[in-house]
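Here the working numbering is used: the first residue of the sequence shown is 4, the next is one more, and so on.
Be a bit skeptical, because a hint or two may be false.
Stated by the list, open to error - Listed next, with one range per pair, are the computed distances between beta-carbon atoms: (1) Asn-218 / Arg-104: 47 to 55 Å; (2) Thr-151 / Asp-101: 28 to 36 Å; (3) Asp-202 / Asp-101: 44 to 52 Å.
Derived from the structure by calculation, the hints contain no laboratory data.
Note that CB positions come from ideal geometry on N, CA and C, so glycine has one too.
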Amino acid sequence: MGSETSVISLGDRKHEKRGFYEKVTSVKGWLFMRIRALYRWRRIEFRRQPLPEKVAALIYLDAAGPFAYYDRRHGDMVLDMLDVKKKINEMQSGEIQDLKRFTQDMLTSVSQLEKDLQKTTQQMAAMPSPPPPPPLSMAVAFGEKKYTEIHVPILAFFACPHNFGAAFKDNPTAKTAAVADAFAAGIPSAHVVRLEDADHYVFNSNEADVIPEVNAFLQKLP
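Using the sequences and the accompanying hints, generate a full structural model.
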C-alpha cells in the first residue's frame with residue numbers, strides 16, 4: 004500500500020462521532036473497514052482482484068456479514084444464487100470441459116441454494132410481504148463474491164445481540180450471534196469482539212470498548 008500511512012474510511016459519515024479517528028493509532032499499511040464494508044461500497048474497483056490480498060489488515064465495525072466472509076456451513080442466499088448463475092453462464096458460453104464434474108458441482112450448488120430458500124421462506128412466513136428491493140441495492144448485492152479465506156490480520160466487532168429496540172427484544176441471542184460465531188469459527192486467527200446491546204454504529208454506542216481494542220490491534224501489526 005506504499006510508504007504512506009493508509010487509513011481509508013468508507014460508509015455513512017453522518018453517523019461518525021466527532022474525533023473518533025483522532026483517538027485511533029495510525030499504522031502504515033492498514034485499511035479501516037467501516038460499517039457496510041468496502042466489499043459492498045466500492046466493489047467495482049476491486050472486482051478483478053480479491054480485496055483481502057490488497058491490504059495488510061482489516062478492521063470490521065459490525066460489517067463482517069456474509070458479503071465479507073462466506074460461511075460454507077450455513078450458506079447465503081444471494082451468494083449461492085450467484086454461484087448457480089455463474090455455472091449456468093459457463094454452460095451457455097461453452098466453457099465446460101468436464102460435463103460430469105460440472106453436473107456434480109451444479110447439483111451441490113443447487114442443493115445449497117434450495118436450503119437457503121427454504122430457510123428464507125420459513126423466516127418470512129409470519130412477515131408481511133416486503134416491498135421490491137431498490138435496483139441499486141440489488142446491483143450492489145449481485146456484485147458480491149464468496150470470500151472463503153482471509154489471510155491478513157483481522158479485528159471484527161459484532162453488535163451481539165444488536166440493540167434494535169423494543170420490536171426485537173424477543174430475538175434470541177443465539178440467533179443474532181450466528182454470524183459472529185461463524186466468522187470466529189471460519190477464521191480462527193481473527194480477533195472477534197462481541198459488544199452486547201450495541202447498535203450498528205458501534206463506534207458511537209461503544210466507543211470506550213472499541214478504541215482500546217483498535218489501538219491494541221494496530222500496535223501488534225508488523
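Hints the structure fails to honour: 2
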